[in-house]
Amino acid sequence: MKKILTLIIFLLIAVTSLLPAQKILAQEPDVFLTIFYGDGCPHCHKEQLFLDQLKKEIPQLKVRELEVWGNQENAKLMSEVSQRLKIKNSGVPLTIIGDEVLVGYLNDETSGARIRSIVNAHLVLGCSDLVGEMLSEESTDPDSCTTPNRPEEITLPFVGSIDIKNWSLPLLTIVIGILDGFNPCAMWVLFFLISLLLGMTDRKKMWLLGGAFILTSGLIYFMFLSAWLNLFLFLGFIIYIRYGIGLVAIGSGIYHLREYLVNRSGACKVTNEEQKTKIMNRIRKVMQQEFFVMALVGIIGVAVAVNMIELVCSAGLPAIYTQILSLADLSTPVYYLYLMLYILFYMLDDLLIFIIAMTTLQLTGISSKYTRYSNLVGGVVILIIGILLIFKPGWIMFG
Amino acid sequence: MKVINIGAIWCPSCLVMKHRWEKIIKELSWLDLKNCDYDTDRELANQYLVEKEIPLAIFFDQNGQEFARKQGEIDRQELLDFILLNQSR
Numbered sequence: 023m024k025k026i027l028t029l030i031i032f033l034l035i036a037v038t039s040l041l042p043a044q045k046i047l048a049q050e051p052d053v054f055l056t057i058f059y060g061d062g063c064p065h066c067h068k069e070q071l072f073l074d075q076l077k078k079e080i081p082q083l084k085v086r087e088l089e090v091w092g093n094q095e096n097a098k099l100m101s102e103v104s105q106r107l108k109i110k111n112s113g114v115p116l117t118i119i120g121d122e123v124l125v126g127y128l129n130d131e132t133s134g135a136r137i138r139s140i141v142n143a144h145l146v147l148g149c150s151d152l153v154g155e156m157l158s159e160e161s162t163d164p165d166s167c168t169t170p171n172r173p174e175e176i177t178l179p180f181v182g183s184i185d186i187k188n189w190s191l192p193l194l195t196i197v198i199g200i201l202d203g204f205n206p207c208a209m210w211v212l213f214f215l216i217s218l219l220l221g222m223t224d225r226k227k228m229w230l231l232g233g234a235f236i237l238t239s240g241l242i243y244f245m246f247l248s249a250w251l252n253l254f255l256f257l258g259f260i261i262y263i264r265y266g267i268g269l270v271a272i273g274s275g276i277y278h279l280r281e282y283l284v285n286r287s288g289a290c291k292v293t294n295e296e297q298k299t300k301i302m303n304r305i306r307k308v309m310q311q312e313f314f315v316m317a318l319v320g321i322i323g324v325a326v327a328v329n330m331i332e333l334v335c336s337a338g339l340p341a342i343y344t345q346i347l348s349l350a351d352l353s354t355p356v357y358y359l360y361l362m363l364y365i366l367f368y369m370l371d372d373l374l375i376f377i378i379a380m381t382t383l384q385l386t387g388i389s390s391k392y393t394r395y396s397n398l399v400g401g402v403v404i405l406i407i408g409i410l411l412i413f414k415p416g417w418i419m420f421g
Numbered sequence: 568m569k570v571i572n573i574g575a576i577w578c579p580s581c582l583v584m585k586h587r588w589e590k591i592i593k594e595l596s597w598l599d600l601k602n603c604d605y606d607t608d609r610e611l612a613n614q615y616l617v618e619k620e621i622p623l624a625i626f627f628d629q630n631g632q633e634f635a636r637k638q639g640e641i642d643r644q645e646l647l648d649f650i651l652l653n654q655s656r
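These protein sequence lines are chains V and F, in that order. The opening residue of the first sequence carries number 23 in our numbering; numbering runs sequentially from there. The opening residue of the second sequence carries number 568 in our numbering; numbering runs sequentially from there.
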């Protein structure tokens with residue numbers, strides 16, 4: 023039964039991880055966009071074509087197209103909207119999304135990308151429809167839709183000015199990746215494997231077998247992260263999922279901070295003895311294979327099995343990270359590049375331990391003080407992320 | 568004085584402590600140190616493990632009576648001071 027369940031989970035992950043990472047937005051709230059355009063205006067036409075495409079991608083996007091060159095009423099409305107939003111040079115096309123204003127349209131890559139980004143942000147934030155309310159002569163507060171107003175730059179001593187918008191997501195990826203990498207659930211297998219590898223005489227085989235184990239582990243985790251990412255992109259900006267992941271993040275942050283405070287001595291808990299013994303026996307058996315190819319295939323099999331079992335242990339962090347990643351407006355290859363960056367730092371401690379062991383022929387443990395620091399920094403970051411996911415999601419929408 | 572150091576190959580802190588104990592034993596050759604691997608010597612380990620947390624060092628006096636326990640990663644100097652302080656036991 024357990025084996026069947028593991029197989030089903032594996033297949034689900036394999037299938038969802040192979041899906042292209044594209045946003046499918048199918049949930050509330052609606053976002054209203056108004057475009058004031060002129061008949062025969064080429065830039066307006068370009069934007070209208072882009073909006074037609076965007077509407078197909080984002081069903082919640084409701085577009086109101088108002089012609090102003092031939093329609094006096096619409097021209098009057100555009101003038102009123104411009105006054106209300108204090109727009110100085112209001113030519114066409116004029117685009118209003120919540121309280122965001124875009125004058126003109128260059129091309130899909132620049133102006134189009136900006137519109138897409140604002141629409142995505144408003145899907146999360148939920149905004150008022152200023153023009154719609156003016157049309158129905160209802161009073162409205164233009165500030166009711168607050169766009170993210172996080173600082174754009176910070177200045178650090180010796181480093182100078184850093185553009186937060188460009189650096190936040192890579193930094194966050196590195197911090198969560200490292201924190202996840204210190205997860206003791208998966209690391210113990212590597213230690214055990216290295217202890218057996220050190221008993222071998224052929225250095226080349228040692229490197230190959232250990233390398234195959236690490237590479238397979240990284241690959242499985244990459245598939246796991248891809249599955250989470252595609253799930254969040256598929257579900258879109260469902261508010262309850264964001265709240266749920268926010269709560270998971272708060273719980274995870276508290277857990278890591280508790281680990282920092284309570285487990286000062288860095289002691290390892292002896293748990294799942296039966297399962298551990300089973301896995302150890304399996305690895306021993308694989309290592310005793312007479313033919314190298316058999317051992318190599320066996321070790322890849324062990325890596326797949328072990329990582330599937332241990333996935334449950336670290337479900338929190340990948341889910342939190344991929345939820346944040348899914349909120350960012352990125353292209354498909356960039357999503358996967360971020361996942362690769364995460365994996366690189368997730369595997370960093372494993373790689374270090376392996377390389378040191380293979381070159382010195384001694385198994386060295388990483389002092390628990392590094393795990394503690396990682397718990398402290400990571401715990402604080404994850405806790406803040408959890409709070410932001412619930413109360414200020416706009417602050418962690420990157421890209 | 569006799570010390571039983573319980574650890575496991577899969578526990579990073581145990582590896583750190585094993586290395587520290589190796590250094591200590593070089594300095595204090597009179598110390599009777601027994602390394603116990605949790606996986607290969609489980610019976611002995613379970614005899615002493617109460618909280619199921621390793622690494623664990625158990626200290627015995629000349630009469631074989633347990634008089635102290637130290638769990639987790641302990642600084643080498645702290646261990647040396649502790650052993651020398653209780654050397655006469």
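Since the hints were derived computationally from the structure, they do not count as laboratory data. Don't take every hint at face value.
Derived DEER-like restraints, expressed as beta-carbon distance ranges [to be verified]: (1) V/I276 / F/V617: 25 to 33 Å; (2) V/P51 / F/E645: 55 to 63 Å; (3) V/F256 / F/K593: 58 to 66 Å; (4) F/A635 / V/Y277: 56 to 64 Å; (5) F/I592 / V/Q311: 31 to 39 Å; (6) F/A635 / V/Q310: 49 to 57 Å; (7) F/D608 / V/L359: 46 to 54 Å; (8) V/I276 / F/S596: 42 to 50 Å; (9) V/G273 / F/K601: 39 to 47 Å; (10) F/N630 / V/I196: 50 to 58 Å.
In silico BS3-like links for lysine-lysine, alpha-carbon gap of 27 Å or less [claimed, not checked]: (11) F/K585 / V/K291; (12) F/K601 / V/K226; (13) V/K300 / F/K585; (14) F/K593 / V/K298; (15) V/K298 / F/K637; (16) V/K391 / F/K593; (17) V/K291 / F/K637; (18) F/K593 / F/K637; (19) F/K585 / V/K391; (20) V/K291 / F/K569; (21) F/K601 / V/K391; (22) F/K601 / V/K98; (23) V/K391 / F/K619; (24) V/K298 / F/K619.
Quick caveat: nothing in here was measured; it's all calculated off a predicted structure. Ideal Cβ positions, reconstructed from N, Cα and C, are used throughout, including at glycine.
These are the hints, each one checked on the structure:
1. V/I276 / F/V617: 25 to 33 Å: Holds: the Cβ-Cβ distance is about 27 Å, inside 25 to 33 Å.
2. V/P51 / F/E645: 55 to 63 Å: 59 Å, holds
3. V/F256 / F/K593: 58 to 66 Å: 60 Å, holds
4. F/A635 / V/Y277: 56 to 64 Å: The hint (56 to 64 Å, Cβ to Cβ) is violated, given that F/A635 and V/Y277 are roughly 31 Å apart.
5. F/I592 / V/Q311: 31 to 39 Å: 37 Å, holds
6. F/A635 / V/Q310: 49 to 57 Å: The hint (49 to 57 Å, Cβ to Cβ) is violated, given that F/A635 and V/Q310 are roughly 41 Å apart.
7. F/D608 / V/L359: 46 to 54 Å: 47 Å, holds
8. V/I276 / F/S596: 42 to 50 Å: At 47 Å between Cβs, range holds.
9. V/G273 / F/K601: 39 to 47 Å: 41 Å, holds
10. F/N630 / V/I196: 50 to 58 Å: 54 Å, holds
11. F/K585 / V/K291: Holds, at roughly 17 Å.
12. F/K601 / V/K226: 34 Å, violated
13. V/K300 / F/K585: Between V/K300 and F/K585 the Cα gap is close to 25 Å, so the pair holds against 27 Å.
14. F/K593 / V/K298: At roughly 33 Å apart (the allowed maximum being 27 Å), V/K298 and F/K593 break the hint.
15. V/K298 / F/K637: Holds - the C-alpha atoms of F/K637 and V/K298 are around 25 Å apart, at most 27 Å.
16. V/K391 / F/K593: Within the cut-off at roughly 25 Å; holds.
17. V/K291 / F/K637: Since the Cα atoms of V/K291 and F/K637 sit roughly 15 Å apart, the hinted pair holds (cutoff 27 Å).
18. F/K593 / F/K637: Holds - the C-alpha atoms of F/K637 and F/K593 are around 20 Å apart, at most 27 Å.
19. F/K585 / V/K391: 16 Å, holds
20. V/K291 / F/K569: Roughly 25 Å separates the two Cα atoms, so the pair holds.
21. F/K601 / V/K391: Holds, at about 26 Å.
22. F/K601 / V/K98: 91 Å, violated
23. V/K391 / F/K619: Roughly 21 Å between the alpha carbons, so the hint for V/K391 and F/K619 holds.
24. V/K298 / F/K619: With a Cα-Cα distance of about 15 Å, the restraint between V/K298 and F/K619 holds, given a limit of 27 Å.
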